[in-house]
Every structure is written in C-alpha cells, then in structure tokens.
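Novice: Residue strings, one per chain:
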Amino acid sequence: MGDPTRLHSHEMAALLRAGETTSRQLTEAHLAVAERQNRALHAWLVIDRQGALEQADAADKRLAKARSEGSDAVAALHPLCGVPVGLKDLVGVKGGQATAGSKILEGYVSPFDSTVAARLREAGAVFLGKLNMDEFAMGSSTEHSAFGPTGNPWDLARVPGGSSGGSAASVAAFHVPVSIGTDTGGSIRQPASLCGIVGMKPTYGRVSRYGIVAFASSLDQIGPFARDVRDAAILLHAVSGHDRRDATSAPVPVPPELLTLPASDDEAASYLKGRRIALPKEYFVAGMEPGVEARVREAVAAMESAGAAVEEVSLPHTEYGLATYYIIAPAECSSNLARYDGVKYGLADRSSGDFIADYLRTRGSGFGPEVKRRIMLGTYALSAGYYDAYYLKAQKVRTLIKQDFDAVWAAGFDAICAPTSPTVAFPMGARMADPVAMYLSDACTLPVNMAGLPGVSIPAGLSDGLPVGLQVIGAPWSELDMLRLARAYEGISARAPWRDVEPAELHLTDDPTTPSPAERKARQANAAATGSGGQA
Amino acid sequence: MVGYHPPMAALSRSDVEHVAHLARLGLTEEELARLEGQLNHILDQYTILQKLDTEHIPPTAQTIELANILRDDAVQPCLSSAEAVANAPERDRDYFVVPAILGGGEGGA
Numbered sequence: 000m001g002d003p004t005r006l007h008s009h010e011m012a013a014l015l016r017a018g019e020t021t022s023r024q025l026t027e028a029h030l031a032v033a034e035r036q037n038r039a040l041h042a043w044l045v046i047d048r049q050g051a052l053e054q055a056d057a058a059d060k061r062l063a064k065a066r067s068e069g070s071d072a073v074a075a076l077h078p079l080c081g082v083p084v085g086l087k088d089l090v091g092v093k094g095g096q097a098t099a100g101s102k103i104l105e106g107y108v109s110p111f112d113s114t115v116a117a118r119l120r121e122a123g124a125v126f127l128g129k130l131n132m133d134e135f136a137m138g139s140s141t142e143h144s145a146f147g148p149t150g151n152p153w154d155l156a157r158v159p160g161g162s163s164g165g166s167a168a169s170v171a172a173f174h175v176p177v178s179i180g181t182d183t184g185g186s187i188r189q190p191a192s193l194c195g196i197v198g199m200k201p202t203y204g205r206v207s208r209y210g211i212v213a214f215a216s217s218l219d220q221i222g223p224f225a226r227d228v229r230d231a232a233i234l235l236h237a238v239s240g241h242d243r244r245d246a247t248s249a250p251v252p253v254p255p256e257l258l259t260l261p262a263s264d265d266e267a268a269s270y271l272k273g274r275r276i277a278l279p280k281e282y283f284v285a286g287m288e289p290g291v292e293a294r295v296r297e298a299v300a301a302m303e304s305a306g307a308a309v310e311e312v313s314l315p316h317t318e319y320g321l322a323t324y325y326i327i328a329p330a331e332c333s334s335n336l337a338r339y340d341g342v343k344y345g346l347a348d349r350s351s352g353d354f355i356a357d358y359l360r361t362r363g364s365g366f367g368p369e370v371k372r373r374i375m376l377g378t379y380a381l382s383a384g385y386y387d388a389y390y391l392k393a394q395k396v397r398t399l400i401k402q403d404f405d406a407v408w409a410a411g412f413d414a415i416c417a418p419t420s421p422t423v424a425f426p427m428g429a430r431m432a433d434p435v436a437m438y439l440s441d442a443c444t445l446p447v448n449m450a451g452l453p454g455v456s457i458p459a460g461l462s463d464g465l466p467v468g469l470q471v472i473g474a475p476w477s478e479l480d481m482l483r484l485a486r487a488y489e490g491i492s493a494r495a496p497w498r499d500v501e502p503a504e505l506h507l508t509d510d511p512t513t514p515s516p517a518e519r520k521a522r523q524a525n526a527a528a529t530g531s532g533g534q535a
Numbered sequence: 000m001v002g003y004h005p006p007m008a009a010l011s012r013s014d015v016e017h018v019a020h021l022a023r024l025g026l027t028e029e030e031l032a033r034l035e036g037q038l039n040h041i042l043d044q045y046t047i048l049q050k051l052d053t054e055h056i057p058p059t060a061q062t063i064e065l066a067n068i069l070r071d072d073a074v075q076p077c078l079s080s081a082e083a084v085a086n087a088p089e090r091d092r093d094y095f096v097v098p099a100i101l102g103g104g105e106g107g108a
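Chains E and S supply the protein sequences, listed in that same order. With the first letter of the first sequence counted as 1, position 53 gets the number 52 in numbering that gives the first Met the number 0; the numbers rise by one all the way through. With the first letter of the second sequence counted as 1, position 11 gets the number 10 in numbering that gives the first Met the number 0; the numbers rise by one all the way through.
Treat the hints as calculated values from the structure; they're not laboratory data. Don't take every hint at face value.
[As the list claims (entries may be wrong)] The calculated label-pair distances, taken between Cβ atoms and stated as ranges, are:
1) LYS93(E) - ASP91(S): 18 to 26 Å
2) ASP499(E) - SER13(S): 55 to 63 Å
3) GLU82(S) - PRO289(E): 13 to 21 Å
4) GLU54(S) - GLU256(E): 40 to 48 Å
5) ASP387(E) - ALA85(S): 51 to 59 Å
6) ILE63(S) - ARG38(E): 40 to 48 Å
7) LEU78(S) - ALA356(E): 48 to 56 Å
8) TYR94(S) - ALA521(E): 41 to 49 Å
9) ARG5(E) - TYR94(S): 52 to 60 Å
[As the list claims (entries may be wrong)] What the simulated footprint calls covered on chain S by chain E, stretch by stretch (three residues with Cβ under 8 Å from a Cβ of chain E suffice, anywhere in the stretch; the number is not a length):
10) 19-33
11) 54-60
12) 63-72
13) 85-96
By construction, the Cβ of each residue, glycine as well, lies at the ideal position given by its N, Cα and C atoms.
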C-alpha cells in the first residue's frame with residue numbers, strides 16, 4: 000500500500016472496500032503523523048486519538064458487514080466511510096470543543112452535532128480532531144487565533160492563509176486527506192491557494208450551517224479542502240443538501256455525479272472542449288505579484304489550448320468589493336457576536352457584581368484584537384445616523400457587484416477564471432500591524448461571497464517555490480460543473496513537474512528542534528522590540 | 000448629487016468610546032488609542048463608495064431567493080434542560096443564573 004498518508008480518500012475507499020486495509024490502520028497512520036508534526040506546524044487545536052480510533056473501528060465493522068452482504072451493500076457505502084477527516088474548530092461535534100479560535104469559547108462543549116458533523120458521521124468518516132483558525136474566522140493568516148499561529152508546510156516562517164489555516168495546512172502536510180473549513184470572504188480558497196491544495200466555497204445555501212459558530216450570516220458557507228479535485232467533490236457531496244434546521248439551506252438537489260468525476264486525466268480534460276471561460280480584467284491589477292499573474296495566465300492558456308474559448312470580460316464594480324465587504328461582514332459579526340454575554344455559555348467575568356461592568360469585562364477580555372476591531376466597525380456602521388451611509392449603501396453596492404457576475408452568466412460564459420490570492424504565502428507578522436493590508440489578501444475572493452456564488456481554488460504551479468492558486472467561479476448551484484472544469488485543468492497539468500513537488504519544509508516538522516509557530520512569533524516580536532527588525 | 004448622508008470625516012476618541020460602550024466591549028486606554036487610528040484608516044477606505052450613485056439601486060441582503068420558510072408544527076427531539084444549561088457559567092438546577100439588571104442595593108433582583 001505504501002505510505003497511507005499519501006493516499007487520496009478515493010484511493011483509501013477502494014482499498015477499504017477491497018479489504019486491503021482497515022480504517023484503523025489508516026487512522027493510526029494519520030494520527031501518528033499529526034501528533035508528531037503538530038508541535039512544529041500547529042494545525043490542530045485538539046487531536047482526538049481515542050474518539051478517532053472508536054470511529055475507525057465502527058467504520059471497519061460497517062465495511063466488513065457490507066462486504067459480507069455483497070457488492071450492492073459495499074457500493075451503497077459513502078466513499079468517506081473509514082476515511083480520516085479534519086474539522087475547523089467552529090464545527091460543533093457533540094461532546095467536543097468548538098472554540099472558534101477564541102478564548103471566549105474556551106471550555107465550551109458542544110451539546111449536539113452540527114449537521115455537517117452528523118452527515119459525515121452518517122457517511123462513516125473518522126474525526127481526527129479540530130483545526131486551528133483565525134478567531135471567529137476573522138483573518139487571512141490564522142495569526143488571529145487566540146491559541147497561537149499555524150505554520151505553512153511550504154515555508155514554516157510563512158502563514159498558511161486564513162481563516163481556515165489549520166484545515167489547509169493539515170491537508171497539505173498529509174495529516175488528513177480532506178478537511179472542512181468555512182469561507183466568508185475567502186477563508187477556504189485563500190488558504191487552499193497558499194498551501195497548494197484544492198478548496199471550495201459552495202453556493203450560499205448549499206451546505207447547512209446548523210451547529211457552526213456564526214460570523215457573517217449572509218456570507219458564511221462551509222466547504223471542503225482536499226489534495227485533488229475528486230476528493231473535494233466527494234467531501235462536498237457528503238455535507239451538502241437541504242436541512243430543515245437551517246432555513247438558509249436551499250432545497251436544491253445534490254448531484255450524485257460529484258462522486259464520479261473522471262479518474263482518467265484525458266477523459267477529464269475533454270470537458271474543456273467548447274467551454275467559454277471569462278477572464279475579468281479587474282482581477283489582474285496593481286498589487287498582484289508577477290509570479291502569481293504568470294501562473295494564472297499560463298493555466299488559462301493551457302485550458303485554451305485544450306479547447307476552451309477564453310475571453311476578457313469586465314466586472315466593473317470589483318474595486319468597490321473590499322469596502323463593501325468590510326462594512327457588511329463587520330455589521331453582521333457585531334450582531335452575531337452580541338450573543339457572547341457571559342450568561343448561557345462561554346467566558347463570564349462576574350467579579351464586580353455590576354451587570355454592565357461585568358458584561359464589558361467579559362467581552363473585553365474574551366475577544367481578541369481583530370474581533371474587537373470588527374465588532375467596533377460593525378457597531379458603528381449600524382449605529383443611528385450611519386446606517387444609511389454605511390450599511391444600506393454597502394447593501395446597494397452589493398447589488399451592483401452581484402449584477403456584474405449575473406451579466407457574465409447571461410452572456411453565456413461557463414466560468415470565470417481569476418487568481419485566488421494576489422500574492423503567495425506571506426511571512427508571519429508581515430500584515431499584522433496594518434489591518435487594511437491583511438484585508439487586501441481577500442480582494443479576489445470576497446466578491447464571490449457577496450454574490451453568493453461557488454468558487455474553487457486549485458493549484459496552478461509555483462512562484463519562487465511557493466504555491467499559486469487558480470480560482471474558478473461559477474453561477475449559483477454550478478459546483479459540479481466548476482469541479483469538472485477544475486478536474487479538467489488537473490488532467491491537462493497532470494504531467495507538469497510541479498505536480499510532484501511536496502511542501503518544501505514538511506521534513507522540518509519532524510525535527511524536534513524546529514521552533515513552533517508561536518515560538519517564531521515570539522522571537523520575531525523580540526527582534527522587533529530590540530530594534531534588530533527583519534522577518535524571521 | 001448622491002442622495003445619502005455622507006460619512007463623517009473622522010471618528011473622535013469620544014466616538015470610539017461611545018461605540019465601544021454600545022458594543023459592550025471593555026477596552027483599555029491603549030486599545031482605545033490604537034482603535035481610533037485603525038478605525039479611521041479603515042473608514043477612509045469606505046469613502047470610495049461615495050463615488051457611486053446608488054439612489055435607485057435596491058439593497059441586497061441575501062443572494063438566494065428563499066422566502067417564507069415554513070415547517071410542520073410537529074414535536075421534534077430536542078436538548079434536555081440539563082444539556083441546555085450544561086455550558087452555563089452559573090446555573091441553579093435547570094436554570095441559567097443571570098446577573099441582576101434591576102436597581103442596585105440588596106442583591107438587586
């Protein structure tokens with residue numbers, strides 16, 4: 000079988016069904032790597048060895064029973080049965096933690112399974128543990144986690160992106176074949192891009208958010224990370240679909256073809272023939288690294304050579320995206336996070352005995368700097384006298400941004416291709432002093448959330464040894480077609496040399512002398528304090 | 000001329016304190032000072048939106064056209080009282096203990 004951690008989940012499924020390996024073997028192998036490397040990578044906030052092995056044994060029983068019943072029973076199993084998965088630490092799993100990367104939720108125990116967890120449980124997936132993230136999913140580097148930053152396995156001194164940085168780093172480092180993240184403005188696609196893996200934000204309403212810690216409710220969506228497009232499609236299939244517990248989940252059928260994307264590269268590539276791909280000129284502007292632009296243009300040219308028709312289009316309101324998003328998302332967050340009042344759950348400071356003073360202290364000490372910043376922005380944007388100037392104005396511009404995309408679909412295009420992130424992974428600390436610089440990380444991803452569209456980031460090569468992501472954006476409910484297109488690009492680039500390159504500093508995570516991300520950050524802070532400066 | 004109230008040029012320190020109180024965030028002097036600068040820097044980025052005339056554009060609050068989601072009025076399994084209060088910082092049997100909000104003095108409630 001070779002090293003089980005290098006397998007995709009669809010390869011694991013074949014071996015499990017044939018009885019050539021067991022879920023316990025796969026789970027033990029992944030646990031061992033995750034436990035050994037987590038000090039240097041800090042992708043996981045908790046690794047649940049005991050729970051994972053219990054789920055693995057249960058999956059092995061299901062697999063054995065199905066095998067004894069015949070091929071129909073085996074075929075009826077979900078391909079994730081027995082496969083280890085990772086969950087961002089805002090996904091509620093009954094009896095486990097869900098910190099959302101915040102001190103205010105430290106010690107909270109989920110009293111019920113989120114729908115995503117319940118569906119994965121039903122599929123037979125094995126929960127290896129919970130993954131690090133920017134606090135309440137607010138950030139683009141995972142440096143805003145209250146529990147310390149995560150490293151990027153391609154360069155441990157750089158960020159993995161965020162907010163789902165742990166979900167991306169764990170998959171890139173082979174700790175799990177797939178993981179779950181959430182994306183409010185790019186929090187799946189941008190870390191997937193920076194870690195060189197596949198990450199998809201589905202259409203708003205595709206995946207139930209019941210039992211997930213909320214950030215901005217008109218934008219948040221759950222989605223998969225994987226090391227190939229087929230695995231991303233399989234995980235998306237497992238968690239998608241209407242849920243009566245989430246009124247914002249849509250009664251739209253989940254395509255069964257998500258489970259059967261072509262295994263053959265040539266067959267996959269043939270999907271490109273006759274597809275019309277739009278290239279939005281506003282996404283290739285100042286601030287983009289030349290290496291990123293080059294890889295994205297090369298990828299699009301390769302799709303053109305394979306039979307796609309590529310045309311430049313204009314999404315004229317792109318330049319307003321950042322300001323619009325950074326009014327709407329903080330406004331919704333300030334409302335959602337009002338629930339952390341120290342009464343029903345979470346941190347509570349009742350030391351003064353005065354209601355207001357305790358309330359202020361609980362929230363003042365429980366939330367970190369970025370969350371406070373966004374609560375302040377949102378509260379201001381919603382406050383009397385400013386609602387029309389900020390929030391209502393932003394909602395109107397949101398309409399214009401959505402109409403830009405609608406016009407592309409009306410013109411008959413199948414997809415929009417663009418960079419996922421304007422830059423490759425940046426050094427830890429580089430954007431922490433300037434919130435606006437951090438916000439710019441999501442300039443190419445957040446319009447997609449505002450329009451509610453599906454978008455997938457797939458690896459498109461390296462720039463100076465660091466991964467570049469290509470973003471494929473589609474019309475509402477077109478996930479299957481977007482993944483077919485992404486799989487087609489995977490097919491035509493299957494023999495590119497960069498496809499075989501593993502994260503360059505992965506081997507350092509096995510070295511006990513490698514500093515942890517938190518130690519790197521502390522050294523950097525010391526260096527800055529003593530004036531020696533420079534990036535570590 | 001655009002038909003909306005133009006945003007204020009800048010947030011003063013007392014504005015920042017007022018918003019912090021509205022948001023029930025207890026902030027240190029250092030945090031208030033830092034936020035005053037950062038919030039103004041972010042608000043500067045918002046001024047770009049004034050370039051757009053949106054008077055006749057309807058607002059978008061959500062992107063999928065779902066309306067009037069109804070469910071059957073049927074009994075469903077739900078959390079027990081004990082499970083519901085299990086995470087409470089302070090509880091009394093199956094009740095949340097809440098801080099006194101009325102008046103001061105003898106316990107207040």
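Novice: If a hint holds in the structure, say so; if it doesn't, say that too.
Specialist: How the hints compare with the structure:
{"no.": "1", "hint": "LYS93(E) - ASP91(S): 18 to 26 Å", "verdict": "holds (25 Å)"}
{"no.": "2", "hint": "ASP499(E) - SER13(S): 55 to 63 Å", "verdict": "holds (60 Å)"}
{"no.": "3", "hint": "GLU82(S) - PRO289(E): 13 to 21 Å", "verdict": "violated (56 Å)"}
{"no.": "4", "hint": "GLU54(S) - GLU256(E): 40 to 48 Å", "verdict": "holds (45 Å)"}
{"no.": "5", "hint": "ASP387(E) - ALA85(S): 51 to 59 Å", "verdict": "violated (43 Å)"}
{"no.": "6", "hint": "ILE63(S) - ARG38(E): 40 to 48 Å", "verdict": "holds (43 Å)"}
{"no.": "7", "hint": "LEU78(S) - ALA356(E): 48 to 56 Å", "verdict": "violated (31 Å)"}
{"no.": "8", "hint": "TYR94(S) - ALA521(E): 41 to 49 Å", "verdict": "holds (44 Å)"}
{"no.": "9", "hint": "ARG5(E) - TYR94(S): 52 to 60 Å", "verdict": "holds (53 Å)"}
{"no.": "10", "hint": "19-33", "verdict": "holds (count 10)"}
{"no.": "11", "hint": "54-60", "verdict": "holds (count 5)"}
{"no.": "12", "hint": "63-72", "verdict": "holds (count 4)"}
{"no.": "13", "hint": "85-96", "verdict": "holds (count 6)"}
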